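Read top to bottom, the protein sequences are chains A and B.
The opening residue of the first sequence carries number 1 in the working numbering; numbering runs sequentially from there.
The opening residue of the second sequence carries number 1 in the working numbering; numbering runs sequentially from there.
Everything labelled a hint here was simulated from the structure, so no lab data went into it.
Since we're looking at a predicted model, the values are computed, not measured.
None of the hints are false.
Under 7 Å between C-beta atoms, here's a sample of chain B residues computed to sit facing chain A:
{"no.": "1", "residue": "H54"}
{"no.": "2", "residue": "G55"}
{"no.": "3", "residue": "R70"}
{"no.": "4", "residue": "I117"}
{"no.": "5", "residue": "A121"}
{"no.": "6", "residue": "A125"}
Heads up, the beta-carbon is just placed ideally off N, CA and C, and yes, glycines get one too.
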Amino acid sequence: MSGRKGVDEELEVVTVCGVGMGTSLIMRMTAEEVLKELGLRAHVQAMDVSSARGMHADMVIGQAMHTEEFQGRFPAVVTVENFIDKAEMRDKILAGLEAAGWQAA
Amino acid sequence: MAGSVGTRPAVAARAQLEVADWVAAVDAATQLLVEAGAATPQYAMRCVQNLREHGPYVVIAPGLALAHSRPEDGALALALSAVTLATPVAFGHPTNDPVAVVLAFASPDRNAHIGLIAALARRLAVGLGDQLRTATSDDDAVALLQEVIDDVGSPVR
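Given the sequences, and given the hints that come with them, work out the whole structure.
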């Protein structure tokens, strides 16, 4: 059986925004806290959208205006509206994991 | 060098401004960075252009925007600013409009701001946005930003 993402294997996550400096970094901070609380192993990188296009990651997190183009290209596409709300981030990461066929720990 | 390790980031704030629209709101926040010597006027212009080009993604939470651009656009030193709006304005965001608090930052390189943004995220998670929104004087708003700077030294994780 192959390793479970976030448990046996580190989950590769990218957070995206327009510039890759501020908004995506705020998201990275929130996502890291949530993933840690969920007991998942993850490596989270913040970057701009054009950099993310060249990435092979398990999960992309961003606003709808940035995540739409990643539908079908990344296994888990997580669209968030409030980047500082851990409850929203948690719910949407869990839904993304489930949609990708990876159950959260 | 300004913004190097050991230099306390500059902060500046204006409370309860009246602005015509989101461009004026972003300009007001980034102009504080320029006045602090942390950014060039071009940096301020780029912050508005980024929103025009990429959409209102800097509206990071309901009522709250974080304007910024790249180091090479004219960021000179690490600094954080905020303006609060007497009358909130629309940024064209699908869910987080209208915006009442516009934060802005400048970072002289791609890593210098990470501790600052981590501290900002921690403070925003415990109500900094609402505290800024209800600040009635520039000094009160500056004091709230100083609390973010005080928190920069805390462990990231």
